[in-house]
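> The chain contents come next:
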Amino acid sequence: MSFFDLKGLLQPLTGIRQFGNKPHTIKFPDQTKKTADRYRGLHYNDLDVCIGCGNCSTICQNAAIDMIQLDGIEGKPGDSGLRPRVDNGRCCWCALCVEVCPTGSLNLTKDYIFVSENPDDFLWIPGVKNPEGKNNLSFTSTTETSLSMYQRVPLRELDPHDRVKSFAEVILGYNEEEARLEAQRCISCGLCTEVCPDHMHIPEYINAIAQGNDDDALRIIYDNNPFPEMCGKVCTRRCESVCALTHRGKEFDPGRDEGAVAIRFLKRYATEAYPTAEKIKEIVNPEIKEANGYKVAIIGAGPGGLTAGYYLALQGYDVTIFEARAHAGGMTFYGIPKYRFPEDSVDKQVEYMEKVGVKFKYNTKVGKDIKFEDLHAKYNAIFMSVGFQKAWNLGIENENIPGAISAVDYLGKINAGESYDVGKKVAVIGGGNVAIDGARVSARYGADVTILYRRRIEDMPADWEEIEAAQHEGVNIITQAIPTRIIKGDNGKVKAIEYLKAEMVADDKGGRPRPVAIEGSETILEVDTVIGAIGQEGDYSFIPETFQKKIQIERGRILVNEDMQTGDSKVFAGGDSVNRRADAISAIADAYKAVKAIDKMLMNK
Amino acid sequence: MREKETTLYIGPQHPGITGNMMVKIKIKGDTVVSSSTHVGYLHRAFEKLIEQRNWLQSFTILCRFCVPEPDPMELTYARAVEEIEGREVPERGKWIRVLVMELARLQSFMLWYGGQSGSAGLYTLGQWSVGDRNYVLDLFEELTGGRVYHMFIWPGGVRRDLPKGFKDKALRTMDYLEKRLVQYNKLLFDNVIFQKRAQGVGIIPKDKAIEWGVVGPPLRGCGIKSDVRIDEPYEVYDKLDFIVPTFEGGDVWARALVRREEIKQSISIIRQVLEKMPEGEYYNKIPNPMKWKIPAGEAYVRTESVRGEVGFYVVSDGTERPRRVHVKGAAYTHAFTVLDKILPGQNISDVSFILNSMGACPPEIER
Chain A
1 MSFFDLKGLL QPLTGIRQFG NKPHTIKFPD QTKKTADRYR GLHYNDLDVC IGCGNCSTIC
61 QNAAIDMIQL DGIEGKPGDS GLRPRVDNGR CCWCALCVEV CPTGSLNLTK DYIFVSENPD
121 DFLWIPGVKN PEGKNNLSFT STTETSLSMY QRVPLRELDP HDRVKSFAEV ILGYNEEEAR
181 LEAQRCISCG LCTEVCPDHM HIPEYINAIA QGNDDDALRI IYDNNPFPEM CGKVCTRRCE
241 SVCALTHRGK EFDPGRDEGA VAIRFLKRYA TEAYPTAEKI KEIVNPEIKE ANGYKVAIIG
301 AGPGGLTAGY YLALQGYDVT IFEARAHAGG MTFYGIPKYR FPEDSVDKQV EYMEKVGVKF
361 KYNTKVGKDI KFEDLHAKYN AIFMSVGFQK AWNLGIENEN IPGAISAVDY LGKINAGESY
421 DVGKKVAVIG GGNVAIDGAR VSARYGADVT ILYRRRIEDM PADWEEIEAA QHEGVNIITQ
481 AIPTRIIKGD NGKVKAIEYL KAEMVADDKG GRPRPVAIEG SETILEVDTV IGAIGQEGDY
541 SFIPETFQKK IQIERGRILV NEDMQTGDSK VFAGGDSVNR RADAISAIAD AYKAVKAIDK
601 MLMNK
Chain R
1001 MREKETTLYI GPQHPGITGN MMVKIKIKGD TVVSSSTHVG YLHRAFEKLI EQRNWLQSFT
1061 ILCRFCVPEP DPMELTYARA VEEIEGREVP ERGKWIRVLV MELARLQSFM LWYGGQSGSA
1121 GLYTLGQWSV GDRNYVLDLF EELTGGRVYH MFIWPGGVRR DLPKGFKDKA LRTMDYLEKR
1181 LVQYNKLLFD NVIFQKRAQG VGIIPKDKAI EWGVVGPPLR GCGIKSDVRI DEPYEVYDKL
1241 DFIVPTFEGG DVWARALVRR EEIKQSISII RQVLEKMPEG EYYNKIPNPM KWKIPAGEAY
1301 VRTESVRGEV GFYVVSDGTE RPRRVHVKGA AYTHAFTVLD KILPGQNISD VSFILNSMGA
1361 CPPEIER
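Listed in order, the protein sequences are those of chains A and R.
One point on numbering: in my numbering, the residue at position 284 of the first sequence is 284, and numbering is uninterrupted.
To get my numbering, take the position in the second sequence, counting from 1, and add 1000.
Treat the hints with caution; some may be incorrect.
With a cut-off of at most 25 Å between alpha-carbon atoms, the simulated DSS-like pairs for lysine-lysine come out as follows [unchecked claim]:
hint, chain 1, residue 1, chain 2, residue 2
1, A, Lys129, A, Lys76
2, R, Lys1169, A, Lys22
3, R, Lys1167, A, Lys34
4, A, Lys250, R, Lys1291
5, A, Lys34, R, Lys1028
6, R, Lys1169, A, Lys33
7, A, Lys33, R, Lys1167
8, R, Lys1285, A, Lys250
9, A, Lys7, R, Lys1179
10, A, Lys7, R, Lys1264
11, R, Lys1186, A, Lys7
12, R, Lys1048, R, Lys1293
13, A, Lys365, A, Lys355
14, R, Lys1293, A, Lys33
15, A, Lys134, R, Lys1164
16, R, Lys1293, R, Lys1225
Since the hints were made in silico from the structure, they are not lab data.
One chain only, chain R, in its complex shape (with noise of 0.2 Å):
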């Protein structure tokens, strides 16, 4: 039989994608021939909405920049800020702001499990990963006062210092997710369905990997070890003792168990941080934030976020306002160039797995 060409859509509206973004693949059988991915249906300027906002007010913005991991948006555009102004962030702060982070790695990993083994028709984990998620989603509720959307770092420091009996409360939950990760392990690593469908799909080339831009877990299970924790440590993560784990392979196996030993790495730094965290001031105040001006320079700062390095460039031209911010995403590369190299060839219905190995998020592509 002659096989035709046929152009399907993946999206905007797919599960496997969170936000709203399109993979238009050509086919051939069930066989992938070319992908493109088009954006463009969530675009809400965000870069443009910071600059119309105040220093202060666009750090409500920046949260949106990425649904499962809003934190580390936060976070960098904090540091950047401090960095022209020269604002020091006090040493609790700091352990705080850490946290955060690791927590929110911690959560965004409970929900790629649940992307990816449902990408894979393996529906069980992703309602018990969802669920276990919450338990983390409740320690930041006790933290910041908000579940999906923290707003919790700013610039000069974090909201609000831990409330009381948080340090016990957080060792429990990682306690108990510790035993159900052995849990997940049996539904997602130990099953073969998993294996036969991760095992030497999607692969990105190891040489080629840096000069395509790959960043984060998908460059580490290309056996490339690099994580701007370690690479460029900010706020405390050189007091801290953890590992950056590599992969050999490159598939979507490999990019999983990365991501399964992150998980384990992130219970261990939130432990140390919550034993080590010293007391004392966790703000340095800023001042009124509808006079506050920044002098006049520019930075650019990155942190390591579940998808990757994430990086602020912002510019002040001395006024209450941002001149310009602008954002780089780990999405950017990864859902648009990488994803279009790495598609042909594999199956059709690989392409969603895929996609969701790689931490799409539209909205980093779209700010």
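Isolated chain A (complex conformation) (with noise of 0.2 Å):
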């Protein structure tokens, strides 16, 4: 070969052909050009759907995404009002923080052309900077290339036909395995942790279950919940009302649980993992202060009570709690159904703090038993939580002759182990956790339960899966039913019960919907029983006048400051007497804060 190979020399010039060929460039910018659907270009963020969790920011391995505070988005539950800036000199525009987005609200647009002379600008707010971005929607996530993991590990409990036949415990929880699986779903953004009462470590402590490391778990939890098994098992669990990923997790389970990480059994499940006192002392190995001297008295023995307790004995405190009943636990003993709480778990946790140095005194009711003022010469400081014992009236005809009984007391004799016999039918009016518990309890000594509720299903105040178990086991629910009297039978009993039908009405001011009585609508039901559930009160007869007047009570409440203190600076008092949820979880949080005040006041710190 040689350069005066013809065919070598002519060749490439062919190539001039090319210059009538369209040009692979455009002419910007009189033409841009059109990006894929798929494209990853600017973030966009749907401020009102975007909840602040973080998950963007955590994944994002350039460490691109902060998150920062907007004008105009404030903080709520279930939303930190905090919104992700992207520094787009960083981003990498992999959409790791699109395909993590619990809620979808993130997600990248066709638009890749952002001039600016001042690199500031690079900073960015998606959603803020680019409003019109909505509309130009390219790389998304659903639910099904999100790698959140939306569903949750079902529950193994009994069989319907089985449980109605004891109190044995109905949700088996879940084992360890399972219990892994769930952990590992959590994104660890805490919102959780703001609105749960006692502001538990949730993230932490479902991490360590995660990490496979129980005794991790268990130490985080006791840091500010003494008594989470009973959490474990019926908290009204507000933290998973706003777990991140109910907004998308709706998709596979709506009107339940929504995919909300199962905090609270998973809290259940590290606290079932240690089955002893012993155990539990072991591993918590919690740092007991010497004696400082000071004598507290804690009023009530329910989880405030407890709470109060345990971490006053913690700081050196010679603490006794009074208790009227012969057992610990307040109502969460006497007033939750054996099947969902059993009695050893009560009496595990029990044990646990006497082993801490807690004293209890049992059967002695303050006010009968002892008295106030003695209670309030001889300690440096009392604690009271006291609960709501005295169920509120139906406010219908006949309602205290034998046969009609609230479910406070039914509850509490059942659960005392006494008997009460419920005939072959009965009714149970309400729509709370206390009513459908009366309901279920009625059913396992065989009668036929039916509930009486005002409003619709979905307005009832109980759990789902109460009502839903409820129904399983063969309680009939009747809604928009008014109770209109108790009718008395030759016996001096009851024999049947009257109630009225109600249309809903929408509500002019925008609240939810009222029930209205139907004239003419009486239906009258047969039964041998009336269990009324719709609501209870505090009883404060055991506090001398003179003291009630200084510590404050006003509509059936002790009036506390923000340490929990009443009017009477020794006394401090928590729980349902004090907050308006009427849930442990809260009683737990108030006794928590009490006991921080406690030691404030007495060690002058």
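Using the hints, put the two standalone chains together into the complex.
What follows is the structure, encoded as structure tokens:
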């Protein structure tokens, strides 16, 4: 071959034909490149859908996303109030943030051109900087492609046919494998911690469970909740209602847990992993300070009283809990049926508290067996957490005749081991968890149970799983039924209950619809027992009047300051009789706050 | 006239090198006497960075190992992780992976055309091939959302399914490129300038090739048939019909011929994949990436890239992060030891020409 190879010289010249071809390039800005439907361009965040969980910021391996406060966006339950800001100088457009966004608010757009002389301009708040991006989304995530795990690990429970035969615990909880899998779903955003009345360290203990480190999980839990097994079984779990996964988890689990991480049952798993009080003490191994000589009296051994007792004992106080009944636990023992919260679960936790030095005086009713003023004189501080013991009256005819009983009294008797014959047919009035408890307990005694509720089933304040479990167990629910009177039989006992049907009328002021009785719709339901469960209130007769005035009780509630201190500086209070939440975790939270305040007051900190 | 020995530095910024690397050569007249490769200009501690990130996050770093062809890195890492964890990839996911790999080979070869012809002073072809490469990048944009860095293959499968109409568009692009290859031939392989420049230049002796650790097209240019896709088929390569071209000579010319053939094979594979790809799942979803742990174990996995074999050695100690990730890229031997051996005796004007034919990718060396 030589340089005079004609073909080799001429062939390249054929490339001249390229002149006639359409160029690859486009004339910007007259023409713009149309990007693909999946193009990974600049970010857009739907600010209304975003909950500020910060998952995008966590996954970003370039640290290009930080969470900042924006004007006009306030934090609220389930929303941190923060929104992501993207540093476009660091972003590599991998779109991992999109893949892990639990709500699907953060997406990438088809836009890719942004020019500015000011370097600070490249710090973007997606959605604020480019509101038009909403119509230009490209790389988005769906629940199918998202890396968030929206589906909850199913919980094992007893078969409905078997469970009505006994008071055996219905929910069996997670085993180790299931718990690890469920814990893995948590994205550690901490929105749950904010709404938990007690601000438990939820992401931390779930992370410990996911890591396979149950010991750490237990220690973290006991940091501010000494009654976790109860919370693990019957907590009202506000935490789960704000879980970041609920936003899209609804697709898989509508109207139920909506895909929220099973925080409650993970806590239950962590506590049940340690079957005895000795084991709990060994693992938690709390630091108990030297006795400081101060004495604190606690009235009521419910969740609030137990919490205050535990943490005060750890601080070196001489703590005595006065309980009117024979058993500790308060409403969690006497009010909650054993198939939800078994007796040994309570005992285990109380035993552990005794081990750290809390003293219990059972069957000691303050005001009767020991005077309030004596406690006030002998002890350096008092914490009251007495709960709501008295049921509200139904306010209908014959409600005090034999055969009519309040759910609180009924459950109290059954849980105390006494018996109460409900007969063959039972009507329960109310729609809360207590009503469902009354109904399910009656069903366990073989009764044919009907719940009468004023509103619709979706308005019932009871947990959905309680309602569903009751239905599975054969409880009949009549909604939009307003009881009008109890009919007395010839024997002087309950014979039947009469109720009016109601229709739901929209509220003019925008509130929830009200039930309005339909005239002439009287219906009679023959029953042997009527169980009223429409609410409870406090009973403060144990406090002498002089103290009552000082402590300040208004409309059935004890007034406290932010330190849970009442009008009497020595007396602190918490629980149902103080807050309006009527759940155990709020009582625990109150007590935890009161402990700090009592310690501060007595130690002059 | 007495010839004096002069030292010259090629790089670290040089159009013949993708990425920053320097070749220090000593010349006498215009003949290279000795050469040594110097790196250290772009050390980003990729391997350490990967250890700092969780198992998923690092897939966005992997593509940075090689700009011209990032996908084998993603695939090799993903396969290593899958092997340790025992995670299965759905059938369709495997087919899409092969599609991505071959598209990546194709666009990388197009870029090579530009570099190889450009370093011979033939600039027209470079303009053409890099322009035509954009049609392949358009396909990537449709499929993955990114043009150069795709970040598309990750443990468990691929991120997204094929978009609507992708098959037709891809087939049209293949038809177009096939026609263009004829034109490329006229400009490059039929060009007497290229023939003169490439033949007998930068020879790797066949008997030394394996000893020196030569892989990929340079090895096949020595007449040795070696390709991970055939030797140790992964994904669905065993279900595809293609040949591994070899040419004798071991010079730049032979390596160029290998690449020219391989472009045709890639086009053929892409057509086969598009026709044969089954329907179904494409991704076996991983759990929450923040809490995703891989059981303790280790794996060495290799994949064929356009430069040759890419290997990932991944060690897990059972936590959310890799304990160790070691990357073996083809460039390590090609641009380092082999180059030092083949450059002496060559003309100075051929240095970057030879460098290009070896397919050097400095980030692979400095990982």
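> Please list, smallest to largest, the hint numbers that this structure does not respect.
Of the numbered hints given earlier, those the structure breaks are 5, 14, 16, listed in rising order.
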